[in-house]
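If you read the sequences in order, they're chains A and B.
According to my numbering, the stretch in the first sequence is residues 1 to 774, in order.
According to my numbering, the stretch in the second sequence is residues 1 to 88, in order.
Bear in mind the hints are in silico, worked out from the structure with no lab data behind them.
A hint or two may mislead.
[To be verified] Which stretches of chain A does chain B cover? Using the computed rule of at least three CB atoms under 8 Å from a CB of chain B, they are:
#1 51 to 65
#2 187 to 193
#3 226 to 236
[Claimed, not checked] Covered by chain A, according to a simulated footprint, are these stretches of chain B (three or more residues, beta-carbon under 8 Å):
#4 26 to 33
#5 66 to 80
It should be emphasised that the depicted structure is a prediction, and the values quoted were computed from it without experimental measurement.
No residue lacks a Cβ here, since even glycine has one placed at the ideal position from N, Cα and C.
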Amino acid sequence: MSDAAQSDAAQSDAAAVDTVELAGKTPDEHQPYEELGLRPDEYERIHTVLGRRPTAAELAMYSVMWSEHCSYKSSKVHLRQFAGTRTDRLLAGIGANAGVVDVGAGLAVTFKVESHNHPSFVEPYQGAATGVGGIVRDILAMGARPLAVLDPLRFGAADAPDTRRVLSGVVAGIGGYGNCLGLPNIGGEVVFDPSYAGNPLVNALCVGALPADRLQQAAATGPGNLVVLVGAKTGRDGIGGVSVLASATFDTGGGWAGSMAGGPAKRPSVQVGDPFTEKVLIECCLELFARDLVVGVQDLGGAGLTCAISETAAAGRAGMRVSLERVPLREASMEPPQVLVSESQERMLLIVAPPAVDEVLAVCRRWGALATVIGDVTDSGRLVVTWHGETVVDVPPASLADEGPVYERPIRRPADLDALAAAGPGSLPRPATGIELRETLVRMAASPNLCDRSWVTEQYDRYVRGDVVLAWPENAGVLRIDEGTERGVALSVDGNGRYCRLDPYTGTQLALAEACRNVAVTGAVPLAVTNCLNFGSPEDPEVMWQFAEACRGLADGCRELGLPVTGGNVSFYNSTGAVAIHPTPVVGVLGLFDDVTRRTPLGFSEEGDTILLLGVTRDEFGGSEWAWVTHGHLGGRPPQVDLRAERLLAEVLVAGSRDGMVDAAHDLSDGGLAQALVEACLRGGAGARIVLPAGADPFVALFSESAGRAVVAVPRSEELRFTEMCDARGLPMTRIGVVDGDSLDVQDAFSISLAELEQAWNATLPRLFGGGPV
Amino acid sequence: MPRVVVDVMPKPEILDPQGEAIVSALSTLGVSGVTSVRQGKRFELDVDGDDQTALERARDLADRLLANPVIEDFQVRLDGGPREVGAQ
Numbered sequence: 001m002s003d004a005a006q007s008d009a010a011q012s013d014a015a016a017v018d019t020v021e022l023a024g025k026t027p028d029e030h031q032p033y034e035e036l037g038l039r040p041d042e043y044e045r046i047h048t049v050l051g052r053r054p055t056a057a058e059l060a061m062y063s064v065m066w067s068e069h070c071s072y073k074s075s076k077v078h079l080r081q082f083a084g085t086r087t088d089r090l091l092a093g094i095g096a097n098a099g100v101v102d103v104g105a106g107l108a109v110t111f112k113v114e115s116h117n118h119p120s121f122v123e124p125y126q127g128a129a130t131g132v133g134g135i136v137r138d139i140l141a142m143g144a145r146p147l148a149v150l151d152p153l154r155f156g157a158a159d160a161p162d163t164r165r166v167l168s169g170v171v172a173g174i175g176g177y178g179n180c181l182g183l184p185n186i187g188g189e190v191v192f193d194p195s196y197a198g199n200p201l202v203n204a205l206c207v208g209a210l211p212a213d214r215l216q217q218a219a220a221t222g223p224g225n226l227v228v229l230v231g232a233k234t235g236r237d238g239i240g241g242v243s244v245l246a247s248a249t250f251d252t253g254g255g256w257a258g259s260m261a262g263g264p265a266k267r268p269s270v271q272v273g274d275p276f277t278e279k280v281l282i283e284c285c286l287e288l289f290a291r292d293l294v295v296g297v298q299d300l301g302g303a304g305l306t307c308a309i310s311e312t313a314a315a316g317r318a319g320m321r322v323s324l325e326r327v328p329l330r331e332a333s334m335e336p337p338q339v340l341v342s343e344s345q346e347r348m349l350l351i352v353a354p355p356a357v358d359e360v361l362a363v364c365r366r367w368g369a370l371a372t373v374i375g376d377v378t379d380s381g382r383l384v385v386t387w388h389g390e391t392v393v394d395v396p397p398a399s400l401a402d403e404g405p406v407y408e409r410p411i412r413r414p415a416d417l418d419a420l421a422a423a424g425p426g427s428l429p430r431p432a433t434g435i436e437l438r439e440t441l442v443r444m445a446a447s448p449n450l451c452d453r454s455w456v457t458e459q460y461d462r463y464v465r466g467d468v469v470l471a472w473p474e475n476a477g478v479l480r481i482d483e484g485t486e487r488g489v490a491l492s493v494d495g496n497g498r499y500c501r502l503d504p505y506t507g508t509q510l511a512l513a514e515a516c517r518n519v520a521v522t523g524a525v526p527l528a529v530t531n532c533l534n535f536g537s538p539e540d541p542e543v544m545w546q547f548a549e550a551c552r553g554l555a556d557g558c559r560e561l562g563l564p565v566t567g568g569n570v571s572f573y574n575s576t577g578a579v580a581i582h583p584t585p586v587v588g589v590l591g592l593f594d595d596v597t598r599r600t601p602l603g604f605s606e607e608g609d610t611i612l613l614l615g616v617t618r619d620e621f622g623g624s625e626w627a628w629v630t631h632g633h634l635g636g637r638p639p640q641v642d643l644r645a646e647r648l649l650a651e652v653l654v655a656g657s658r659d660g661m662v663d664a665a666h667d668l669s670d671g672g673l674a675q676a677l678v679e680a681c682l683r684g685g686a687g688a689r690i691v692l693p694a695g696a697d698p699f700v701a702l703f704s705e706s707a708g709r710a711v712v713a714v715p716r717s718e719e720l721r722f723t724e725m726c727d728a729r730g731l732p733m734t735r736i737g738v739v740d741g742d743s744l745d746v747q748d749a750f751s752i753s754l755a756e757l758e759q760a761w762n763a764t765l766p767r768l769f770g771g772g773p774v
Numbered sequence: 001m002p003r004v005v006v007d008v009m010p011k012p013e014i015l016d017p018q019g020e021a022i023v024s025a026l027s028t029l030g031v032s033g034v035t036s037v038r039q040g041k042r043f044e045l046d047v048d049g050d051d052q053t054a055l056e057r058a059r060d061l062a063d064r065l066l067a068n069p070v071i072e073d074f075q076v077r078l079d080g081g082p083r084e085v086g087a088q
């Protein structure tokens, strides 16, 4: 049957709603389960669960809840390893809307990163904007006030034709939504690589804080309690977004368009958000939490109302009855399946005890937030949905939320991996003379992945709310969360697809190490981890191997560092045709400050400070920025990772910050020491005179990407104390120069004025994407 | 020289925050009985050539620049002429 014919059939059936009673009488009715993304054996399984065929509404619910995006059916078996990383500080972990960490003094911090990759390719502005809105509601649902966002972004080659469209829209969308909400954007990444052409990665992290005793539960408990829907009206937005857009490759999607949306075929499932409605929703919910008026709360995101009612009902181990016709609709002609799976933005579900309901509705009215009682909690153990009195859904809620299919997908080490490892960077011509080194440094500083990000970050509010201590381009975003005590947090998100392409186990640990290092460099103690795992199709055994290795690497790494994985998100099907993106796990690390006034900035600013290089430099160029920028080369092995050394480095950096021994510090990563010096000089406005260690190969010293390293600028008066601390703790350390003048001098090699450096570093993004922010 | 009018509207299933804001502003003003507002855009293009060519060029421009076909529908017609149905 063609899409058009199905659409006609759906139209002619519109009058007669498919009820549970009807389903019992018409067991052989043909149902469009394949168009909804369900496999024949999954459809069979629904029959087994229900003992009959599903109604149209039930089929819609199972198709979204059992989609890859909602059920984690391919990833679950690998994610289980993260359970072994739990620590006592974790108040809520994997499975909650976001992980919550106890930070002492009665305060808790919650943070999570999610992907909005596919919608952001189809409609960059709205896709990225609603990505911010969605992660903010996750944080709100834990009971926290959202405080800041960070956005790790990945696009195709910077000069590829479509990159400008996608990047401009994505950045404007993040800025538009986040700025309207009044949330500072304090960090993130902007990475260009041809592997993301046609499949950009738009990840969004939100962090919030709450009094620890105000933690909310996403559970519908207490039979007799009422189910209240708050926020925007429900429309036909994003019908089937999770099952079509996020859970299949683009070319195969679109079944929902014909069978559900009822419009012209292949209509993409995009949503349009309204940040002002979200702002009202945030303030309204925070007042309800503060007055202790709700029993449970859940945000509506992917899979919409279906996900919220089935997850809260399953978590409450009770039952729920919903009168679907009470849901306020934007379009009166919507049918039960559409109401159930609509992904209209800016909605929350509350569970409220009957005595509190009048007060809840009054608070919502005062904030101008639409609130409607749509059902109640029962003790039936069933989720029952009626439509004008007729039962259209009657299912065990756990069958939707927790007991979906789980697959042990076949895995196979990629066939080209050995060849890739063998084709190392050793044979690439290296710069040797001072002139060549100088030219390499300038060229790399101006390259799209290393150049100044102001074109992007100036479109975001970075200091709104008045509690931002550091924001990008600093190593990590730092926020004050308690004005009384100056207690605060630091956050960094990092990933490196090229390293992971060469070795996903090591590459993921390198991302973890870098995020920890970025947090520690500011002076914060790393405390907890979140992650967003962006991969190709799980049905490709080679992709699944990459995924399995990445999970194993992250779990092992977190165990070794003593950091809990608090939650995260998996995004599969990031491929164009048969070509998958580089495996790109993005790791977010949260760090804690007792006193944010102790934070260490990135820029060199105090003339005469001694510059020290901490850590060990090896000849490591596999997957490096140098190999990519100068030779377009990707091969060999990524840098080795030594988590014990990372931990030691972090301890030294935190102690140095706490005792006021360090004026500036910057981690070494992409582009190595050279890039770190360029950034530290330009950020602080002071030059540096560098003397590379005797006998060292200047090229290796400047451009190697060995992990576990940082540069620090230490006042003369503190130099002895700091170096003795490094010696006592056994951290290798080299004195490499002083902060001085207005140029970057590398003795016996080259000198370059900061003005020339700045010109090269600043010009790239405006040249590629237009005259600058509007 | 023919004048072509391009009307751009948010697709029916897409949220229109501006329209919603107008609805609530109306009720603040004490106006009742308006239950829904959708806000769109109107473009007037003077295009060289005969009517048919002008319409086709305007349709192409609407698809590429004036409208965002992912979230908006558009209609193209000659100024003063009958509304063309079924564009997009």
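Hints violated by the structure (listed by number, smallest first): 1, 2 and 4
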